[in-house]
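Protein sequences, first through last, are from chains D and W. Start counting the first sequence at 1; every next residue gets the next number (my numbering). Start counting the second sequence at 1001; every next residue gets the next number (my numbering).
Just so you know, not all the hints are guaranteed correct.
Once the Cα atoms are required to be at most 30 Å apart in a straight line, the calculated BS3-like pairs of lysine-lysine come out as [as the list claims (entries may be wrong)]:
{"#": "1", "chain 1": "W", "residue 1": "1104", "chain 2": "W", "residue 2": "1055"}
{"#": "2", "chain 1": "W", "residue 1": "1104", "chain 2": "D", "residue 2": "38"}
{"#": "3", "chain 1": "W", "residue 1": "1055", "chain 2": "W", "residue 2": "1073"}
{"#": "4", "chain 1": "W", "residue 1": "1073", "chain 2": "D", "residue 2": "44"}
{"#": "5", "chain 1": "W", "residue 1": "1078", "chain 2": "W", "residue 2": "1055"}
{"#": "6", "chain 1": "W", "residue 1": "1055", "chain 2": "D", "residue 2": "17"}
{"#": "7", "chain 1": "W", "residue 1": "1070", "chain 2": "W", "residue 2": "1104"}
{"#": "8", "chain 1": "D", "residue 1": "52", "chain 2": "W", "residue 2": "1070"}
{"#": "9", "chain 1": "D", "residue 1": "17", "chain 2": "D", "residue 2": "38"}
{"#": "10", "chain 1": "W", "residue 1": "1104", "chain 2": "W", "residue 2": "1116"}
{"#": "11", "chain 1": "W", "residue 1": "1073", "chain 2": "D", "residue 2": "38"}
{"#": "12", "chain 1": "W", "residue 1": "1078", "chain 2": "W", "residue 2": "1104"}
{"#": "13", "chain 1": "W", "residue 1": "1055", "chain 2": "D", "residue 2": "44"}
{"#": "14", "chain 1": "D", "residue 1": "38", "chain 2": "D", "residue 2": "52"}
{"#": "15", "chain 1": "W", "residue 1": "1104", "chain 2": "D", "residue 2": "44"}
{"#": "16", "chain 1": "D", "residue 1": "38", "chain 2": "W", "residue 2": "1055"}
{"#": "17", "chain 1": "W", "residue 1": "1104", "chain 2": "W", "residue 2": "1073"}
{"#": "18", "chain 1": "W", "residue 1": "1116", "chain 2": "W", "residue 2": "1078"}
{"#": "19", "chain 1": "D", "residue 1": "17", "chain 2": "D", "residue 2": "52"}
{"#": "20", "chain 1": "D", "residue 1": "44", "chain 2": "D", "residue 2": "17"}
{"#": "21", "chain 1": "W", "residue 1": "1078", "chain 2": "D", "residue 2": "17"}
{"#": "22", "chain 1": "W", "residue 1": "1116", "chain 2": "D", "residue 2": "38"}
By construction, these hints were calculated from the structure, which means they are not laboratory data.
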Amino acid sequence: DAMVIQNPRYQVTQFGKPVTLSCSQTLNHNVMYWYQQKSSQAPKLLFHYYDKDFNNEADTPDNFQSRRPNTSFCFLDIRSPGLGDAAMYLCATSRTLDTEAFFGQGTRLTVV
Amino acid sequence: AQTVTQSQPEMSVQEAETVTLSCTYDTSESDYYLFWYKQPPSRQMILVIRQEAYKQQNATENRFSVNFQKAAKSFSLKISDSQLGDAAMYFCAYRSATYNQGGKLIFGQGTELSVKP
């Protein structure tokens, strides 16, 4: 059974049109992460939530925001997608900050 | 800042043979964790093996083992008796043991492993 579920698996959006990616978890983990993985590059952490506390990485562009309305769900909002934002977006969860991370299958975002 | 480098973009192995994937990292910290993750095509990334830096003994999980050389900052993955299901992208990753680093994983660029029948 999938424990970290990302929807949709594939998303096509227009240049400049806001888009939201979704992640849900059945593990009841405290921490949820969003990573960006561009083609042939290493996944890179954008931000994470510990419960309701939001923690942004210093080099995450302002164009990227996140919401966590409850323990189970976390959203990645891209306010004005550019061509350079095309990537695989990975959601991960962990029970605490020092325990194993579990990943979803990712959402591949295409910007046209 | 910590970095992770995987110098082999692609590797190939014959079924039932052994293959070693390389990883080097750079850090000024003395306490940290190292991981190998497997990402099969269109499937989620899963943890293969983990190593605590304070442990001298190399981690082993069934057919998977690591060669952890702390002084050399090297962390290679050996896959024995390779199976078709081992074909995937493999990522080496670093995580600080400092709690306020937020559980952040720093990944290498990955090694695409193919297994030939």
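Hint check:
1. 1104/W with 1055/W: holds (21 Å)
2. 1104/W with 38/D: holds (18 Å)
3. 1055/W with 1073/W: Between residue 1055/W and residue 1073/W the Cα gap is close to 14 Å, so the pair holds against 30 Å.
4. 1073/W with 44/D: holds (21 Å)
5. 1078/W with 1055/W: Satisfied, since the Cα-Cα distance of roughly 18 Å is no more than 30 Å.
6. 1055/W with 17/D: violated (49 Å)
7. 1070/W with 1104/W: holds (20 Å)
8. 52/D with 1070/W: Judged against 30 Å, a Cα distance of about 36 Å means the pair is violated.
9. 17/D with 38/D: Holds. Residue 17/D to residue 38/D sits at ~20 Å (cutoff 30 Å).
10. 1104/W with 1116/W: The hint is violated at about 34 Å.
11. 1073/W with 38/D: At roughly 26 Å apart (the allowed maximum being 30 Å), residue 38/D and residue 1073/W satisfy the hint.
12. 1078/W with 1104/W: This hinted pair holds, its Cα atoms lying about 25 Å apart.
13. 1055/W with 44/D: holds (27 Å)
14. 38/D with 52/D: Holds. Residue 38/D to residue 52/D sits at ~27 Å (cutoff 30 Å).
15. 1104/W with 44/D: holds (9 Å)
16. 38/D with 1055/W: violated (33 Å)
17. 1104/W with 1073/W: holds (19 Å)
18. 1116/W with 1078/W: Distance ~17 Å between residue 1116/W and residue 1078/W Cα, so the pair holds.
19. 17/D with 52/D: Measuring from Cα to Cα gives roughly 27 Å; hence the hint holds.
20. 44/D with 17/D: holds (23 Å)
21. 1078/W with 17/D: violated (45 Å)
22. 1116/W with 38/D: holds (27 Å)
Against the hints set out earlier in the document, violations occur for numbers 6, 8, 10, 16, 21.
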